[in-house]
Amino acid sequence: MTNGEGRESGRELRRIVRINEEIKRVVKTAFRINLMAMNAIFLAKRAGQSALGFGVLSNELRRFAAELEQQMLALGQATSGSVATVTAMVKEARLVGMLERAQALCEGAGRDALDAALRRHRESALAERREQVATVNRTLSLMIEGTTRLVEMGGVLARSAKIEAAYGGAFSQSLKQVSSDFEATIGEIRQSLDSLGKFRLRELAA
Amino acid sequence: MKTVQTIFEDGRHKWLAVVRDPRRPDYLIDTNEYLVVSDDDAILLDPGGSEIFPAVFSAISTQFDPRRISKLFASHQDPDIISSLSMWIEFNPEIRCYVSWLWSSFVPHFGGNRETFVDIPDKGMDIAVGSQRLQAIPAHYLHSSGNFHLYDPKAKILFSGDVGAALLPAGENGVFVENFDRHIRHAEAFHRRWMGSERAKRDWCARVSQLDIEMLCPQHGAIYRGPDVRRFIDWFSQLDVGVIA
Chain A
14 MTNGEGRESG
24 RELRRIVRIN
34 EEIKRVVKTA
44 FRINLMAMNA
54 IFLAKRAGQS
64 ALGFGVLSNE
74 LRRFAAELEQ
84 QMLALGQATS
94 GSVATVTAMV
104 KEARLVGMLE
114 RAQALCEGAG
124 RDALDAALRR
134 HRESALAERR
144 EQVATVNRTL
154 SLMIEGTTRL
164 VEMGGVLARS
174 AKIEAAYGGA
184 FSQSLKQVSS
194 DFEATIGEIR
204 QSLDSLGKFR
214 LRELAA
Chain B
460 MKTVQTIFED
470 GRHKWLAVVR
480 DPRRPDYLID
490 TNEYLVVSDD
500 DAILLDPGGS
510 EIFPAVFSAI
520 STQFDPRRIS
530 KLFASHQDPD
540 IISSLSMWIE
550 FNPEIRCYVS
560 WLWSSFVPHF
570 GGNRETFVDI
580 PDKGMDIAVG
590 SQRLQAIPAH
600 YLHSSGNFHL
610 YDPKAKILFS
620 GDVGAALLPA
630 GENGVFVENF
640 DRHIRHAEAF
650 HRRWMGSERA
660 KRDWCARVSQ
670 LDIEMLCPQH
680 GAIYRGPDVR
690 RFIDWFSQLD
700 VGVIA
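Respectively, the protein sequence lines represent chains A and B. According to my numbering, the residues represented by the first sequence are 14 to 219, in order. According to my numbering, the residues represented by the second sequence are 460 to 704, in order.
Bound-form chain A, shown alone (with noise of 0.2 Å):
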């Protein structure tokens, strides 16, 4: 493998690990709107009549953080995939950097061996590595997709219990900094999602 291809791979790896760690916070956050939810409910029916619309709109947020979690744990498992993707692509690259090693140095009867060997590598193994990573990529832009569209629907219940809290009459405030923070903790969720957005893998030229 050569010292290119060495940190091309470590970088892949690397990456897979900051996704994970986002997915993680991402996981975090949506437990954290699970309480925040829960709480709300409280408020509500404390509050009576006057919150009954911001009631509804928190037990709509409190399913929204339980599918958000199972998004993104699905997520974390496609990303472990593509761990064994990345390990494959690793191998391959230090066998052909061997091989290349090899050919630099012989001139005798394995020449032709080697000459045959990188030539299958580069052709075959180059094209199943491809389409791999290919799968991989296609994978993971859909399921990052499919939870940034339910993110924008928890970002609609947020704004939408902010308009509830004004008619909470004598909770109205309280109800206002709830809304807030559902607004402000979905906001984050948001920011992660772009960063896993931007996940791709690359492919390790041979």
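Don't take each hint at face value.
Covered stretches of chain B (chain A as the covering partner; in silico rule of three or more C-beta atoms under 8 Å from a C-beta of chain A) [said to hold, decoys possible]:
1. 508-519
2. 541-551
3. 582-595
To be clear, the hints were calculated from the coordinates, so they are not data collected in a lab. For clarity, every value in this text was computed on a predicted model and none was experimentally measured. C-beta atoms are modelled at their ideal positions from N, C-alpha and C, and glycine is treated no differently.
Since the structure of chain A is provided, determine the placement of chain B on it from the hints.
Same frame as chain A, but now just chain B:
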């Protein structure tokens, strides 16, 4: 690139020593590989680590078509012995690797599948190479708990793995031991530390004393020949092993 030196030749029966690599990085231990050729067949003894595969492959290529190597012999499981396995399989998917049964599920981490490995039982076995029959001689606990050496009764050569190894200082590049007393100083600390069992050492000395050996070929350092073989066995039998010097 490493150097290839023919150390035995009798018609189509040959021993080639693949030694010394001037371009080897100094953080890698130097290793010797041996190719035993008989007719159109060949076995490579302790093929080496993956990092030195290019040097070993290209050195062998100067004298022998590496695709005709049908067998590998791994004295034990260490990375400097057999981590190049997957590269050899690349050139001959049918290649067979002879290794102690103890390591047959560990070494596949370096490559190969169920068919690649031939388990050597504790008592040893014969390995046919072309028209020759080589003998896997038990050397357990020297230093690995499943360890074999390979004896060629026709060539009277014993491949002795880590036994007889010497960590030679820069500049001492001779293929053969020329001055036993000076050479053995570079072997002493290695044997005291790596060879962990006094009893295994005594058993080995008794076992190989029964063999007619003209050359004792270690995986590191220089080859003992003629009277130096006996000198080495006597020296080893007297050495305190399994101690931190």
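Results for each hint:
no.: 1; hint: 508-519; verdict: holds (count 7)
no.: 2; hint: 541-551; verdict: holds (count 4)
no.: 3; hint: 582-595; verdict: violated (count 0)
The structure shown violates just one earlier hint, number 3.
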